[in-house]
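Visitor: Listed below are the residues making up each chain.
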Amino acid sequence: MIHYEKIALKCSERLKKWSLGDPHFGDPRYFPKKLTLGNFTEIIHSDGGSRVCFVDGGNTEILNTPSFVVHLTRVGYCIYEDTVKIEDNSMPPSVDFFTVAFAEQKGRGIYYSVEVTPASERFQQLLPDAEDLQFDSFDRTLMDGLNRAPLTKVANMSRAFIEWRLAEELCRSALKGGDLLVRDGSLQTSVTGESKYANRAYGEALRRGVLFSGLAKTSNLFTDSGMPLFSAISILANRNELNEKRWYYHPIVDIKAPDHKAVMLAVKLHPRSKHVFRFEILDSQAGEMSDFNQVTGLLASNASDLTFPGYPYGLIEADRIARVRDEEIEPSRIQLLSALSGLGSWSELEAFIHATDAHSVIDEI
Amino acid sequence: MAKLEVVGSLVRGKHGHLMIRQKSDAVIELGDLLVADNPDGHTLLQVFDLGYGSLISTKSLEMISGMMVEGYSTDLGFMDPNLRNYVIAEVKAVAQFSNGKIRIPKTLPRFLNEVRPVTSKDLEYIEKPENPVYLGKIRSGSKIIDVDVNLAAEKALTHHILVPATTGRGKSNLVKTMVWSLTTNSKVGLLILDPHDEYYGRHGSGLKDHPEASNYISYYSPKTTPGSIMPVFHLSTVRFGHFRGIVEFTEAQSDALHVASNSYNERWIEAIMRDEDLPGVQLITRQVLKRRLTTSLGLFIDDNDDIQCRTGTFSNTRGETTLLDILKKLESGGKVIIDTSLYSDQVELLVGSIIINEALNKYKFYKQEGTLEEKPVLNVLIEEAPRVLGAEAMASGSNIYGDVAREGRKFRIGLTAITQLTSLIPRTVLANMNTKIILGNELKQEREAIITSASQDLSMDDQNIASLDVGEAIVSSNFTRFAIPIQIPLFEDYIKPFTEAKPSKKIGLVG
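Here the protein sequences line up with chains A and B, keeping their order.
Residues 260 to 624 (this note's numbering) make up the first sequence, in order.
Residues 267 to 777 (this note's numbering) make up the second sequence, in order.
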């Protein structure tokens, strides 16, 4: 027997025996609920009238040395009313920032210091506070296992902070009561200082009556049988003839963590969709809802695009707007290196670059 | 520019091959003329191809298409359809207009420049020549722009015109329109060999309906028709050189013809037909020659011992002045139509050869004596041109048509050659035909032959030519700044303003 068949046999046996299980959370602040058929609710298509705003961010490295990195960060958004894109003049669809992260010694430790510069002075208000951009290189929320946090990770985190700032600003200037804001990813904050920005955004949303939510494309949550949580929910739905319907599943878990102010749902946003996504609503807003049809219906109305049925098209568009393309990197890199060289810093810079570029040299051979 | 007029925007490409993204609510057609405005004028662009563009990957599109046709796309659609799926028009810049001049484009329009449809105002720089031959109106796609397209008659007609087209594309309509516009132009003499008898208008409208037809048009037809003249050529007007390239003779036969011509002068045909002596020529050769003349000219000796012709085209008793009359008509700027519908190919070409040979000789003489420029230009219209201009025809020896194609220009004599098979005409001949009025052609090989010999770069116009509808054409000429797409008017519509003004003649009896 060829070894592929052996492996396939092992997987197949396991797959067939796997039970669905119930949601499992290792964090004691999370109180899982049993999976049960009665927790499915069919989503009724929204009549429209409210707008949905999608927010996403992207960043890419322009310069990378062990002691400092430069990233081009971009945050973007789009607004839809039903299937029609709405132009909003209060903000351009995307805003660029340059993030520079340095490693420096403070006392006996190495700290990372991040400076963010907007491409246009007009967007200073989206900058995180400077004091929030200092990180211990051994910050547990940033570390790589037991290793010091990679410098590039703090540059990524500044992007997360800016995304929250953008969401706050959109609630303030572009959205009105009843509108829905959807960020790419859950509402769980993971890094030191991130909660501050999340809370600011929530506060603005509550003040304006904007519904705040997040949708995660991927999830690493499991059931207690080892099955992916959202796969288990999907299988449960399909076994009970819900496979040709739109639905949401709630409750999954009671969350008592202050850095995760959310009600978690599983959503299937189109009958033809094969995907079930993790969707979270700000808990204080969810608590006032008798059901979640208002929100999920609004989201479903944006999830009927032929390219990806069941995934909100606005998130695809926001991703496109916020993405920094490969072809943008080299011109930015060249301009930066040129400017550095013009300031007479080239010889010092070269030493930094060559500390880690052996791999790319080999790749070129 | 008012946003409503915009049909697209230039998104990429290079000189000679630009791409326009079509606005979602606009419709750009193959062959459309579009305008990109510049600060000091505008650039004229022509669409030569259309294609789909999409921000969605090909694999996803095929999947979506499958979902749609298999019925899985209920309640699904495209978000932002206008942004994600679009039409790309491939265009080339054909002319730049600025400061009152038309130039060949040497620069690119601005990147992302909006484009709009052409209007007649954009083409006001196109001047009407002094001595025009009318072709039609400028066409943008299938739309007609109210700008007339004329060629300078003297130049175009002496530098030869080729009209390549397959059947049913409007060749006859085009020719009738052109000839009508030249009817009263006494600086142009036209000889039209009409193998389908379609130009004069024996049945239906034609050149006979021109108000000045009686003054300018002579119609020769073996069929009895009011206004027609019987085309009979006296045998004395036929010289053996007229047969060159039309009827093939062996070396021995050619020598014999020389002998007959030298011995009997204008009676040489009669001498052969009557078996008269030809010094040094074998009997068998004489007999063969007689047989050749019998079959090619349809000659025979009747019971009265007269030489007759089965088609009535040649005679030894009539038609002494036919050739002279025709030449005189041509030299006075008249138009001579010869109905050759009842002739064999050989007779038709021979009749043409007779007239053209004599005309060319006269014009050579005029050139010698310095009076050529005072004479009208002559143009000979011949259909199924490969019969005399094709590689096969030219390989078996030159003929007068080929001579005119090669050097007639020097003597103000030109050809208008109509053909379905351009590929049969050698490139050396095609290169001399400086105006091509290209009608629709489905045959790729023919389109390639036309494109490679055109006066402008039509290498991108294969689709354009293939999609030409009846009455649509592209004029590629050394005398136009760019290859002009035209719509040829329906002849009956074109002549209406001329004929409606014509007072009807009523014949009454006065007792």
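Hints in this document: simulated from the structure, not taken from any laboratory.
These figures come from a predicted structure and were not determined experimentally.
A virtual CB, placed ideally from N, CA and C, is assigned to each residue, including glycine.
Careful: at least some of the hints might be erroneous.
The calculated DSS-like cross-link candidates involving lysine-lysine, where the alpha carbons are at most 27 Å apart (straight line), are [stated by the list, open to error]:
#1 B:K710 with B:K421
#2 B:K372 with A:K476
#3 A:K455 with A:K365
#4 B:K409 with B:K762
#5 B:K372 with B:K280
#6 A:K533 with B:K630
#7 A:K344 with B:K289
#8 B:K453 with B:K630
#9 A:K344 with B:K325
#10 A:K533 with A:K365
#11 B:K387 with B:K403
#12 B:K641 with B:K474
The following label-pair restraints were derived from C-beta to C-beta distances [said to hold, decoys possible]:
#13 A:E380 with B:S326: 38 to 48 Å
#14 A:G603 with B:H283: 55 to 65 Å
#15 B:D303 with A:G546: 58 to 68 Å
#16 A:D585 with B:N365: 41 to 51 Å
#17 B:H283 with A:S271: 33 to 43 Å
#18 A:E380 with B:G366: 28 to 38 Å
#19 B:H283 with A:K275: 53 to 63 Å
#20 B:G434 with A:P351: 56 to 66 Å
#21 B:L327 with A:L279: 35 to 45 Å
#22 B:G434 with A:D585: 46 to 56 Å
#23 A:S271 with B:S326: 43 to 53 Å
#24 B:S326 with A:I261: 46 to 56 Å
#25 A:N499 with B:S326: 23 to 33 Å
Visitor: So, against the hints stated earlier in the document, which numbers end up violated here?
Guide: 1, 2, 6, 10, 14, 17, 18, 23, 24
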